Amino acid sequence: MMARFLPILAVAAALVLPLATSNTYFHHLLVLWMLYSLLALSLNIIVGYIGELSFGHAAFFGIGAYTAAILGMNFGFPGFPGLLMAGIVAGAFGFVIGYVALRIEGPQFVILTLGFGSIIFTTTNYWVDLTRGPMGISNIAPLGVGAGFELSSALDYYYLSLLLVVAFAYACHALMLSRTGRAFIAVRENAQLAASLGVDVFRTKLLAFVVATAVAGVAGAIFAHYLTVITPEVMSLNYMVAILIMVIVGGRGTIAGPILGALIYVGLLELLRATGALRMVIFAALLTVSVIFLPGGLVSLWRRFADRSTVRTARQAQVEAGE
Amino acid sequence: MEMELVLLTQQIMNGLVNGMTYVLIATGLTLVFGVLHIINFAHGEFYMLGAFFTFFAAKLLGLDYISAGIVATLGVAVLGILANRFFFWPLRKEHEFTVLLSSLGLALLLTNGGELIFGADPKYVASPFADGIVPLGPVIVTQQRMLIFAVGALVLVLLYLFIQKTRMGKMMRATAQNPEGAALTGVDIRRVYTVTFMVACGLAALAGALVGPTAMIFPTVGTWAVLKGFIVVVLGGLGSIPGALIGGLILGVVEALAGGYISMGFAQAIGFSIIIVVLLWRPNGLFGAARRA
Amino acid sequence: MTILSVNTLTKKFGGLTAVSDVDFEVQPGEILGIIGPNGAGKTTLFNMLAGSMQPTSGTVHLKGQNITGMRADRIARLGVARTFQITSLFPALSAHDNVRAATYRTKKTGWMASIFRTATYRAEEADVDRDAMAALHFCDLAGHADDNAESLSYGDQRRLEIAIALAAKPALLLLDEPAAGMNPEEGQRLVNMIRKIRDNGTSVLLVEHHMRVVMGVCDRVVVLDHGEKIAEGTPAAVVDNPDVIRVYLGREAVSA
Ligand SMILES: Nc1ncnc2c1ncn2[C@@H]1O[C@H](COP(=O)(O)OP(=O)(O)OP(=O)(O)O)[C@@H](O)[C@H]1O
Ligand SMILES: [Mg+2]
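Protein chains in written order, with the numbering used here: chain A, 1 to 323; chain B, 1001 to 1293; chain C, 2001 to 2256.
Derived by calculation from the structure, the hints in this document are not laboratory data. Just so you know, these numbers come straight off a predicted model, no measurement behind them. Possibly wrong hints are sitting among the right ones.
[To be verified] Per the computed footprint, the stretches of chain C lying under chain A, defined by three or more beta-carbons under 8 Å from a beta-carbon of chain A, are:
1. 2059-2070
2. 2076-2087
3. 2107-2116
C-beta: ideal position from N, C-alpha, C; glycine also.
Required output: the full structure, derived from the provided sequences and hints.
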């Protein structure tokens, strides 16, 4: 029963959360949380559902951000169609890179995606004519429809990204209850057996990769419009690692996990701000401790708790397995 | 000799020496992967620590460069034992993602801890060989670079003998092939873990001690090192030591040529471009065996 | 129409010929046994039929269609299901989810349909659940539907593998030593199960070491030794074949 209403309660809470304060910095953090949630949910498709570890995901976030920025700057492309284009361009890159990289699996795949990410990062840094290099692109127009309506405040961006997070989370939930989703999980659990049941392993992985990268691109585009400035920094190794941390510390292969992971990431770095230079050290220590003691991520705590406090019926087990 | 040709020879020479650095970094990385099937993202940090320990051993203990380097190598080898004890051994039964992330956490811890303790400003390891020049025909090489090359070659030979001839080496090879089987036949897996990390971290530190005098050192240099290490290891084949040797030298030379003739900025990207091409052609690298099913 | 027809099928690993010029056919509703000593090439033959290995030469036809060298998933989609000699499941999933995943081949709706919860989607998901439960029932595993596959006993795991293969509703089922490691009682249950599979209209190709199982269930038997087919016929005829006794049954009789 709980499992049914929890998502609705969570959405309701997320809707009223920003009303708690008019502090714009708090609103800013909420926007980051939602955008990172979207990004982490998209990486979760690769890491959690098809079970490959991609270190290139920040590059697609960056590609989306730069697509939106460049289209706006050079062609006066309006915001919302720009989001769509960002998704398409990032997804197209995802298709090409996935087509090459997904032939390889395991550790080699990890390093190959790291390589692709690194090449995209370097290119962005040095192709000054297109990207303006390390200085980045600034004065990106806010998202809008025509001239009349523009997203101007952090709150606007929060609700937009919340909408996308809810929609994508629902899509992931539906995925896990579909034939396609069963194929994803089958590929993750035992690729050889999946193939013997008719699943085209490569195509399944490629589908997952393209969807994940396209969504990352959309998140990047909103990020660019929101901050109005974008630099190659968003594709750096730090970001690659950060997204991965959100997914795994939160709980890979679940929907709540990456969202929780993004919250922890944004919240913890903020809480630790007061500790100054020690901040990153404490952060790294907490990360490591949580990985070592909670390999299933934070959401596994909930599952442990639920297991102990209720006698699970067969139906519940099925519902949980589906999610 | 013609000017062009001298330049080319000089660049190849520089490339080989840089390549030897990569070989030293990559050997430990490939050892840990080959024996324990762990991708250690913190490997570069031990390289960084090797360089900094050499710097501080010389400065604070007043040791000469060689003694400082040895102290640093041994010190980091001990840290390797601790790292294994707290970050890798407890996770030996966990999913590979968990282990990888644990190593990533360790890397972040060491980089940021290093920044806090050592300071973010670059340092310079002094070495009596840094400015001495060895003329080799028309090209020149510094004594320090000759030292890197010689020690690198020596270390590889010693490592080869260690793995092939000693009892510990045999246990490591048995573990590499089949950890459960090895444990059943009486191999002390815990000791294999300890020794593998000790040797791998010691090798990384040695590389740091040797390369320290040829460039500035700073706490974030470990990221650079581990990326180079990954490229080499994947190029040569994960887990293969001859692969690390050939891969490292190839990477060094290609980068030197590319840096000389194209642009320094793209050097990192070039390394990755090579492995993408190589992996498409040979998914397990130049010397890699097929992945265990 | 002949379900499966194998012609001069050969597989070489470097200098070793694991399967050499093997021919045979499987008729509709038939249970064909493949026996032979360890290393005879049975699993290699299976791998070629199921597309997980490329033949060196020769052809395989499924219901008249040439499937030689096709990828495993394409052959599976044409109606061939298999089990593996070494237990192969989705270990972290429940038995029910293992079998649900196996209904992939016979269903069509995708992600979009599930997002919009279309009528076709809902009807098909109900089918998936029903097919999955039916396959579990068939293999006596209904009571374990919610248990994780890895927590099942060995015998249950082997039957779950068959349930997975059956949930794909194959026209031809390849079983690689399904009785390995089973006790006689479990073996007998398996024999009954294989018969029932055939009676439901699926042809079966069975690799097996347990003579009791082979004798009890196969209509015909092909005997392999060192990759070559040395005999073919009814179980009774094959047992009396002197070549077979020499290479296989003699040894087996000693060890059994
Ligand atoms: N991938 C491979 N590479 C090289 N040789 C192989 C490979 N697979 C099988 N072989 C060899 O081919 C021969 C036939 O092996 P296969 O597994 O097909 O025998 P089998 O009849 O299934 O034996 P068993 O009864 O032990 O299962 C053996 O000599 C085996 O060593
Ligand atoms: Mg076999």
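Worksheet item: So which of the earlier hints does this model not fit?
Response: 1
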